[in-house]
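Protein chains: 2
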Amino acid sequence: MKPIVVDAFGGDHAPKEIILGAFLAAKEFNLDIVLVGKRHEIEKSIEIISKDFSSNLAQRITIKDAPTVITMFDKPSVAVRKRNSSMHVGMELVKHDEASAFISAGNSGAVMAIAMMVLGKLKGVSRPAIGALLPTINGSVLLLDAGANVDCKPIHLLEFSIMGSVFIKHMLGIQKPKIGLISNGSEPGKGNSLVIKSYDLIKSSALNFYGNIEGNEIFSDKVDVAVCDGFVGNIILKTSESVPSIIGEFLKAQISKSLVYKIGYLLSKPAFRMLKKKTDYAEFGGAPLLGVNGACIVSHGRSKAYAIKNAILKAAKFASLDINTKIEEAIEKCSALKYIQRGVENAI
Amino acid sequence: MKPIVVDAFGGDHAPKEIILGAFLAAKEFNLDIVLVGKRHEIEKSIEIISKDFSSNLAQRITIKDAPTVITMFDKPSVAVRKRNSSMHVGMELVKHDEASAFISAGNSGAVMAIAMMVLGKLKGVSRPAIGALLPTINGSVLLLDAGANVDCKPIHLLEFSIMGSVFIKHMLGIQKPKIGLISNGSEPGKGNSLVIKSYDLIKSSALNFYGNIEGNEIFSDKVDVAVCDGFVGNIILKTSESVPSIIGEFLKAQISKSLVYKIGYLLSKPAFRMLKKKTDYAEFGGAPLLGVNGACIVSHGRSKAYAIKNAILKAAKFASLDINTKIEEAIEKCSALKYIQRGVENAI
Numbered sequence: 001m002k003p004i005v006v007d008a009f010g011g012d013h014a015p016k017e018i019i020l021g022a023f024l025a026a027k028e029f030n031l032d033i034v035l036v037g038k039r040h041e042i043e044k045s046i047e048i049i050s051k052d053f054s055s056n057l058a059q060r061i062t063i064k065d066a067p068t069v070i071t072m073f074d075k076p077s078v079a080v081r082k083r084n085s086s087m088h089v090g091m092e093l094v095k096h097d098e099a100s101a102f103i104s105a106g107n108s109g110a111v112m113a114i115a116m117m118v119l120g121k122l123k124g125v126s127r128p129a130i131g132a133l134l135p136t137i138n139g140s141v142l143l144l145d146a147g148a149n150v151d152c153k154p155i156h157l158l159e160f161s162i163m164g165s166v167f168i169k170h171m172l173g174i175q176k177p178k179i180g181l182i183s184n185g186s187e188p189g190k191g192n193s194l195v196i197k198s199y200d201l202i203k204s205s206a207l208n209f210y211g212n213i214e215g216n217e218i219f220s221d222k223v224d225v226a227v228c229d230g231f232v233g234n235i236i237l238k239t240s241e242s243v244p245s246i247i248g249e250f251l252k253a254q255i256s257k258s259l260v261y262k263i264g265y266l267l268s269k270p271a272f273r274m275l276k277k278k279t280d281y282a283e284f285g286g287a288p289l290l291g292v293n294g295a296c297i298v299s300h301g302r303s304k305a306y307a308i309k310n311a312i313l314k315a316a317k318f319a320s321l322d323i324n325t326k327i328e329e330a331i332e333k334c335s336a337l338k339y340i341q342r343g344v345e346n347a348i
Numbered sequence: 001m002k003p004i005v006v007d008a009f010g011g012d013h014a015p016k017e018i019i020l021g022a023f024l025a026a027k028e029f030n031l032d033i034v035l036v037g038k039r040h041e042i043e044k045s046i047e048i049i050s051k052d053f054s055s056n057l058a059q060r061i062t063i064k065d066a067p068t069v070i071t072m073f074d075k076p077s078v079a080v081r082k083r084n085s086s087m088h089v090g091m092e093l094v095k096h097d098e099a100s101a102f103i104s105a106g107n108s109g110a111v112m113a114i115a116m117m118v119l120g121k122l123k124g125v126s127r128p129a130i131g132a133l134l135p136t137i138n139g140s141v142l143l144l145d146a147g148a149n150v151d152c153k154p155i156h157l158l159e160f161s162i163m164g165s166v167f168i169k170h171m172l173g174i175q176k177p178k179i180g181l182i183s184n185g186s187e188p189g190k191g192n193s194l195v196i197k198s199y200d201l202i203k204s205s206a207l208n209f210y211g212n213i214e215g216n217e218i219f220s221d222k223v224d225v226a227v228c229d230g231f232v233g234n235i236i237l238k239t240s241e242s243v244p245s246i247i248g249e250f251l252k253a254q255i256s257k258s259l260v261y262k263i264g265y266l267l268s269k270p271a272f273r274m275l276k277k278k279t280d281y282a283e284f285g286g287a288p289l290l291g292v293n294g295a296c297i298v299s300h301g302r303s304k305a306y307a308i309k310n311a312i313l314k315a316a317k318f319a320s321l322d323i324n325t326k327i328e329e330a331i332e333k334c335s336a337l338k339y340i341q342r343g344v345e346n347a348i
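Protein chains in written order, with UniProt numbering: chain A, 1 to 348; chain B, 1 to 348.
Since the hints were derived computationally from the structure, they do not count as laboratory data.
It is possible that some hints are incorrect.
Note: identical chains are not told apart, hence a pair may lie in one copy or across any two.
Below are the DSS-like pairs computed for lysine-lysine, each with C-alpha atoms no more than 30 Å apart in a straight line [what the hints assert, rightly or not]:
#, residue 1, residue 2
1, 252, 178
2, 178, 75
3, 257, 2
4, 123, 252
5, 222, 252
6, 338, 75
7, 16, 338
8, 333, 176
9, 75, 203
10, 257, 269
11, 123, 269
12, 222, 75
13, 326, 269
14, 153, 197
15, 257, 222
16, 252, 238
17, 338, 169
Chain A on its own, in the form it takes in the complex (with noise of 0.2 Å):
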């Protein structure tokens, strides 16, 4: 298998949790990978980190140089005129088939857009999607869109089905993915005028759609696949995100309060890890791009090396099962889809 690129700038603890987490990924899964990034600071780091490891690892890491940076900060727009980042210097990697996939903890937006400028489209598809797999009380579900595109067509959220079947499919082995829609109530006619019509495309496909759920539904294992516009599926996952913590700080400021409560907190704590270990980033291993012509991952900006060795096993994954060529095979299935791409897109 070709090399996984790794951008080794990007992300909250970005140069040195991100080679660690190269580092811990290529002795586990035997897995080659390039470096990409400012060549002098990545090598300072591997100096120091690759005493821990065996000299022969050193060899399956190597180092692609990019002087640029993109930040938190970089709009989209502005990030891909920046040619040099480690951003694009990676994906152009992807792109000559020199490296088999792409994660980046960085900048999302911009990795979106930096892989539509440099990867470009799978074929049939006309808006890709950023999928964000979530832990479920007995499983995990993948929302997409989770942030990608604000403003949707219905076309929009049957090709984000598709894609979500397929990667669901393959990368969890689920022969048939269950689709939910998102809306504001179960029954059919429930929604907003883009969910209203997105319900009857979906559901005239051959996707195994389970109809509309609510946003108490999302976690509760009903569907493998939630799907939504991505200002729904951003808002969701934000909000969502931060209750855990929210009541993590509540918790805690009242437990401080008694002695008693202390005690009891530190007998019952493993059972809280094991809560914080469900919810953790880190084990789901990155957001998948779905639908550029490309794997890519998106981890978590607070990504520590554990959960960059997550998510390069995810696109190792990702590229070792053809993901995208299975999907451009799945849309060109798609008859729904065809009729519409046939010129009708304006009448739904």
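Given the structure of chain A, go ahead and fit chain B onto it with the hints provided.
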């Protein structure tokens, strides 16, 4: 003060808990209450409940017969045709000035639809909205629209902002409530097309506009009023309500695995109970319908007596402060709104 009308047949625990809540409110706040619904069943419940209260309290409680019950499954369009329902009959009392406010723990879509038909809209308001007062780390936030209007125009989001501002100012005594616009990014220019246009409009008003807020900022005390369309609001409400119970379910399963965890949990249980109290809708006492010509509060469907008592208190306060006249005055004063109402609505 004229009596408060309580829909005795709305909610999962109707009529018993509703009637008990009415007794508690009558006792604690010296309010007169009209229970509306099936007379015979109300009388039976009163017979049992009134034993626990002094006999002169019963004089504060009267009954208005309404033979038909609106269920949670009735579509608003069906509900409005049931002219003998407890909701319809109850609101007629408000309309004819025989009562000062109406509360129900029933189907909120039906309450809104019937309120629109029976009470009509306030002067200058094109779209009444449902406000949901939610707990934050240090206080509360009014989310609106929480579900009444799935497709909105910028003018509607401006109206929601004005109504929310007036409500929070007078009900909570916050002089200049901060208004946040829910978006997928905090900078101006972020958002879907509705939010981008609404941003400029709300900013041009005299409101204390904070700017955009992201999903993770809704519960962070940055703003007093969080504005969005009713589709997004409904999903935020249901998603954020569901996360704590999912966490609780998972923790329960973990804690049950070990006796030590169980003992630990028991010791720190009062801290958890505080959390439950804090996030309990019952403490917040219901969601106001803002923009209809009469004081209407919708209480949570799961409301028991305590929640109903709080909702009655809130309804009485809403009516006695004459929030609706204050909303009409604020709408009348808003020059940004006048400009649009003069016929350029389609331009934005």
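Going down the list of hints, with the structure as the test:
1. With identical chains, the CA atoms of residue 252 and residue 178 are at most 30 Å apart between copies only, with a shortest distance of 28 Å across copies and 38 Å within one.
2. For the identical chains of this complex, residue 178 and residue 75 are inter-copy neighbours only, at 27 Å across copies versus 35 Å inside a copy, given an alpha-carbon limit of 30 Å.
3. In the homo-oligomer, the alpha carbons of residue 257 and residue 2 never lie at most 30 Å apart, since the shortest distance is 56 Å inside one protomer and 44 Å across protomers.
4. For the homomeric pair residue 123 and residue 252, neither the shortest alpha-carbon distance inside one copy (51 Å) nor that between copies (47 Å) is at most 30 Å.
5. Taking identical chains as interchangeable, the C-alpha atoms of residue 222 and residue 252 lie at most 30 Å apart only when they sit on different chains, with a minimum of 21 Å there against 32 Å within one chain.
6. For the identical chains of this complex, residue 338 and residue 75 are neighbours neither inside a copy (34 Å) nor across copies (35 Å), given an alpha-carbon limit of 30 Å.
7. Proximity of residue 16 to residue 338 under the C-alpha cut-off of 30 Å is found in neither arrangement, the shortest distances being 47 Å within a copy and 57 Å between copies.
8. Within a single copy, residue 333 and residue 176 get their C-alpha atoms as close as 16 Å, which meets the 30 Å cut-off; across copies the closest is 57 Å, which misses it.
9. For the identical chains of this complex, residue 75 and residue 203 are inter-copy neighbours only, at 23 Å across copies versus 37 Å inside a copy, given an alpha-carbon limit of 30 Å.
10. Taking the shortest Cα distances, residue 257 and residue 269 sit within 30 Å of each other both inside one copy (17 Å) and across copies (13 Å).
11. Taking the closest pair of Cα atoms, residue 123 and residue 269 never come within 30 Å of each other, the shortest separation being 50 Å inside a single copy and 56 Å across copies.
12. With identical chains, the CA atoms of residue 222 and residue 75 are at most 30 Å apart between copies only, with a shortest distance of 24 Å across copies and 36 Å within one.
13. For a Cα distance limit of 30 Å, the shortest separation of residue 326 from residue 269 qualifies neither inside one copy, at 44 Å, nor across copies, at 51 Å.
14. For a Cα distance limit of 30 Å, the shortest separation of residue 153 from residue 197 qualifies both inside one copy, at 9 Å, and across copies, at 19 Å.
15. Only between protomers do residue 257 and residue 222 lie at most 30 Å apart by alpha-carbon distance; the minimum there is 26 Å, versus 39 Å within a single protomer.
16. In this assembly of identical chains, residue 252 and residue 238 lie within 30 Å of each other by CA distance both inside one copy and across copies; the values are 21 Å within and 25 Å between.
17. When the C-alpha separation of residue 338 and residue 169 is checked against a cutoff of 30 Å, the pair qualifies only within one copy, where the shortest distance is 22 Å, while the shortest distance between copies is 54 Å.
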